[in-house]
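Colleague: Each protein sequence line maps, in turn, to chains S and V.
For the first sequence, this note's numbering assigns the number 1469 to the initial residue and increments by one for each residue that follows.
For the second sequence, this note's numbering assigns the number 149 to the initial residue and increments by one for each residue that follows.
The hints are simulated quantities; they were obtained by calculation from the structure and are not laboratory data.
Since we're looking at a predicted model, the values are computed, not measured.
Heads up, the beta-carbon is just placed ideally off N, CA and C, and yes, glycines get one too.
Treat the hints with caution; some may be incorrect.
Subject to a maximum C-alpha distance of 20 Å in a straight line, what follows is the list of computed EDC-like cross-link-like pairs (lysine to aspartate or glutamate) [to be verified]: (1) K1561(S) to D333(V); (2) K287(V) to D1499(S); (3) K1561(S) to E1673(S); (4) K298(V) to D333(V); (5) K1528(S) to E1491(S); (6) K1787(S) to D1589(S); (7) K298(V) to E191(V); (8) K1719(S) to D1744(S); (9) K298(V) to E1820(S); (10) K177(V) to D1794(S); (11) K1787(S) to D199(V); (12) K308(V) to D1794(S).
Footprint (simulated), chain V over chain S, 3 or more residues, beta carbon under 8 Å [unchecked claim]: (13) 1511 to 1525; (14) 1594 to 1602; (15) 1607 to 1619; (16) 1697 to 1706; (17) 1735 to 1747.
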Amino acid sequence: MRRIYLTCALLACAPLGCSSSEEFSPWQIEDLHGGKGFSLRVPEFEVPAGHESQNCYFVKVPDVNGNGQDVWIDRVLTAINPGSHHVNVFRVKTVIGLDPAAGSPTKLGDYPATVIEGADDYQHSPCWASANWADWPLIANSQHANVGELETDWKLPENVAIRLTPGELLMLQTHYVNSTDQPTQFGAKVGINFYQRQQAGTPVEMGSLFATQQNIRICASQPNVTYSGTCRFPGAVTVAAANGHFHKRGKRFTIFPWNGTSIDHPADSSMFYESDTWNDPPMATDLSVAEPANSGIWWDCEYQWQPPSVVTCDDVNAKDPLHQNDCCYTFGGITDVGEHCNVFLYYYPKVESDVFCL
Amino acid sequence: MIGAVIGAALLLLAACGGKHDASPDAGPKSCPIGDLAAPAELEIVHLDASDTVMQTRPMAQVPLLPPPQGGWIVLIGARARNIDGCQTTLTTALVDGCDQQIIQVDKRPTRLELGADGWGTSAVTMFGNLPVCPQLTAKRDLHDVPYDVKVVVEDSGGQKASATLTIVPTCRAGDALCMCQCDRDYVIGSSCNPPPAGGHGTCPTPGL
């Protein structure tokens, strides 16, 4: 069945005219060295049509100043070829089943690294098992890459920066899709520049919030559903950037401030993030949302069920832990068989630790 | 010629559809449970570790369960009547009874399945997923300590009911990871060896 769908996609694509490589200019961004910061470059790879690819790369934060002192990052520039579903960078914490030492040697630009290639084996590869990085704080991410705009330039607010420690282990995760609705026509290519803050003095530290709705079901018999959740901050903070993440059934993703005392939905007028594009969601990088003590966020994921485009409902049903046999998309996996409802958000000042709402 | 090619391509795309086709024009299904002209009534239920629906009593020990991406949740549902069981939204909230701060809210669609007693109970696949721990903002331990759960059901016609009960989220006996990650002082990413000291079940003194 997989071959039939792929054949259909290719036959339909050709006469309708898909983008050609003649129109495409690959991204080029500067390479950072020394005190300016550091650049990570993922070795280019291809994603077979009708497949997905998730890779987990491990690399240590370089000692860019040569003195072992913390590296404060105030700008993150990502450059990504189209077809990318997400690029996430985490700090490695508890190692469960995704062991950096078990990876194959590679290099991310100038830096030695290891990689565990997950291909689209979401059922077996540790690079697909999100429990393996459940306590790994996110430090930067981008889901944005289209032919017209390959770069996301995130400049942090004045006097706010991400603190990295030389030798600290990072995990850079790439997820590419090569289907008709998220094609990888020009090969997978990812680069990230971490720019070191040049001003003197210690800045305010940026923290991250990761929140997810793990128990979601988008089923054929109930095609239009919305899931909502909340997540609290440890103190008064300012939200600086945010983006939402869902898969093909996602229709609208919204985030609001939440007062921490009401179960009523926040006013629509207070919404500070909205996405209606699952395969190229915007990242809001110019936010300045004041959150008082004891407050948090409220987020909504709206879905409309649709049949899978590459695999079949049999594959979707096989993944359903409750075996409802209703073509229910559930948490995790490749975009064609599973769903997500995740918030990636950045705030300052970081208090105690990064925030997780699992 | 071009039109014929496009037509063929569209036919191919149509042929690629699965046996399930979304039918947004079908309209929402209605399943009245009881008398929709009477006030809606609600009782709280929860799932145990084997997905059995349990009536939730005051101070009930409700099991903390591990979802796929870590953490510990309780699964809370509704038993209701005088409401449309097919067009129902379920809101569940975990509340710290010490200061009435809401720790977490979960809102989702649910479907009430009619029982022989004339009440509808949340389908097992559609219980509220209420994350309990870890919580960076916890002021007390989150396991074996009383917390309030608030439940609201509302149908598309405006029939609505709410209920609140005190429950005791409970780790499975001997589950050291659960007890560690549900300790007040656990910080995500930190080691559970040794585990936090525990024993923080009482309400904090105001002002401290």
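Colleague: Now tell me, hint by hint, if it's right for this structure.
Modeller: Here's how the hints hold up against the structure:
1. K1561(S) to D333(V): 18 Å, holds
2. K287(V) to D1499(S): 46 Å, violated
3. K1561(S) to E1673(S): 19 Å, holds
4. K298(V) to D333(V): Violated, at roughly 25 Å.
5. K1528(S) to E1491(S): 36 Å, violated
6. K1787(S) to D1589(S): 13 Å, holds
7. K298(V) to E191(V): Between K298(V) and E191(V) the Cα gap is close to 11 Å, so the pair holds against 20 Å.
8. K1719(S) to D1744(S): 5 Å, holds
9. K298(V) to E1820(S): Not OK: K298(V) and E1820(S) at ~29 Å, beyond 20 Å, violated.
10. K177(V) to D1794(S): 16 Å, holds
11. K1787(S) to D199(V): Given pair K1787(S), D199(V) holds - Cα atoms ~18 Å apart, limit 20 Å.
12. K308(V) to D1794(S): 28 Å, violated
13. 1511 to 1525: With 0 residues in contact (Cβ-Cβ under 8 Å with chain V), the coverage given for the segment 1511 to 1525 of chain S is violated.
14. 1594 to 1602: holds (count 3)
15. 1607 to 1619: Coverage by chain V is violated here, the residue count being 0 at a Cβ distance below 8 Å.
16. 1697 to 1706: With 6 residues close enough to chain V, the hint holds.
17. 1735 to 1747: Coverage by chain V is violated for the segment 1735 to 1747 of chain S (0 residues, Cβ < 8 Å).
Checked against the numbered hints above, the structure violates hints 2, 4, 5, 9, 12, 13, 15, 17; every other hint is satisfied.
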